[in-house]
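Engineer: Sequence:
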Amino acid sequence: MPALLDAVTGGPARLGLPPVRAAALLLVDGLGHRLLHEHAADAPFLAAMADHGPLLVGFPSSTSISVTSLGTGLPPGTHGTLGIRFRVDGTLLDSLSWTSDAGDASELLPPETVQPHPTVFERAVARDVGATVVSARAFRASGLTRSALRGARYRGVGAFGDLAAELLDALGRPGAQLVYGYHADLDQLGHLHGPGSTAWRWQLRQIDRLVEQLVAELPAGTLLAVTGDHGMVTVDRRHDADTEPDLRVGVTMVGGDPRARLVYTRDGAADDVLAAWRGVLGEDAWVLPGAEVVERGWFGALDDGVRPRVPDVVAALRGTAAVVRSEGEPLLSRLPGQHGSLTGDEHVVPLLAAARA
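Just so you know, we're using my numbering here: the sequence shown kicks off at 1 and counts up by one.
In short, the hints are calculated from the structure, not lab data. Predicted, not measured: the structure shown is a model, and the values here were computed from it. Careful: at least some of the hints might be erroneous.
[To be verified] Here are the in silico distance ranges between beta carbons for each label pair:
no., residue 1, residue 2, range
1, 141, 37, 33 to 39 Å
2, 308, 243, 24 to 30 Å
3, 238, 184, 39 to 45 Å
4, 44, 326, 36 to 42 Å
5, 128, 327, 49 to 55 Å
6, 101, 18, 47 to 53 Å
7, 268, 319, 30 to 36 Å
Yeah, the Cβ is synthetic: ideal placement off N, Cα and C, and Gly gets one too.
Please construct the entire structure, taking both the sequences and the accompanying hints into account.
Structural biologist: Structure, rendered in structure tokens:
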């Protein structure tokens, strides 16, 4: 998004994007670089677009982390959204629903406090650039919207038709414009049926046609970019953090998601928990102390205020394994499609672009 803002304000050219009057980014949830190229026959238009990537998403490779990085231009260690579920001031916050075990957390943990950095949209408005977010109506006032996308004019939509109409309307407004659009269904079908499944492929075909039609209707002097927030794998081996005794001893909170677990421990138990998780997961995961994850730069540059959110132990899953929570996350635990880890299938996304002179 900062590169697109530069493209519409005469800033330095980044990511090979040309200068334009207005630019839009369409985020297709779950559109991984490898998945797109493995299924290029289902998405011929997308596969033929100029690819200014591929890009690496942040860790964990999941939606709320990537959306916040897109919306702020910052890595997770700086914007502070370290996982789908992560500890903030002693509370395990779900950053997708902005809830805790006690329910709605928007008053206890205001999104503007959890993520205090200005968004790209706030910076755009300060530079007299129109800013528009086009996404589901239900997300208009969500915690994630307030954290990652605040500052933009919000246009709520419900289907392909009004998503396309609102994107094109925003691009056609006079003057410099920065537009962000979000589409969720490819990710949903990947979770439910597995990436590459028949249902997933049909959805990819519909997205391909949508993008082709959008490009055909682009106003003069505008650009459409398409990316994903993560890829996805089909899991077939599950470890259960809620029922396997060795994964529970010394643990106070298990955050993250099934492919990227953030483990918080009792005082003095971190080393024992690290050894236990390594023993149970073996070759199914990279299991590291949180301090080493920070040193390796998995979260990117770390703000001092974010340091207390860093877990004591991190498990990034390999291959097709997952660490589920059958009691705490019963629905998520059963889904075949998962993401969050550092594998190329999950961590690499395309950056496709087309411009109209």
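Engineer: Against this structure, judge whether each hint is valid.
Structural biologist: Hints, verified against the model:
1. A hinted range of 33 to 39 Å holds for the C-beta pair residue 141 and residue 37, which are about 37 Å apart.
2. At about 29 Å, the beta-carbon gap between residue 308 and residue 243 stays in the expected band of 24 to 30 Å.
3. Checking the proposed 39 to 45 Å range against residue 238 and residue 184 shows it is violated: the Cβ atoms sit about 24 Å from each other.
4. Taking 36 to 42 Å as the suggested C-beta distance range, the pair residue 44 and residue 326 conforms, at roughly 41 Å.
5. Range check, residue 128 to residue 327: about 52 Å between beta-carbon atoms, so the 49 to 55 Å window is met.
6. Between residue 101 and residue 18 the beta carbons are some 48 Å apart, a value that agrees with the proposed interval 47 to 53 Å.
7. Checking the proposed 30 to 36 Å range against residue 268 and residue 319 shows it holds: the Cβ atoms sit about 32 Å from each other.
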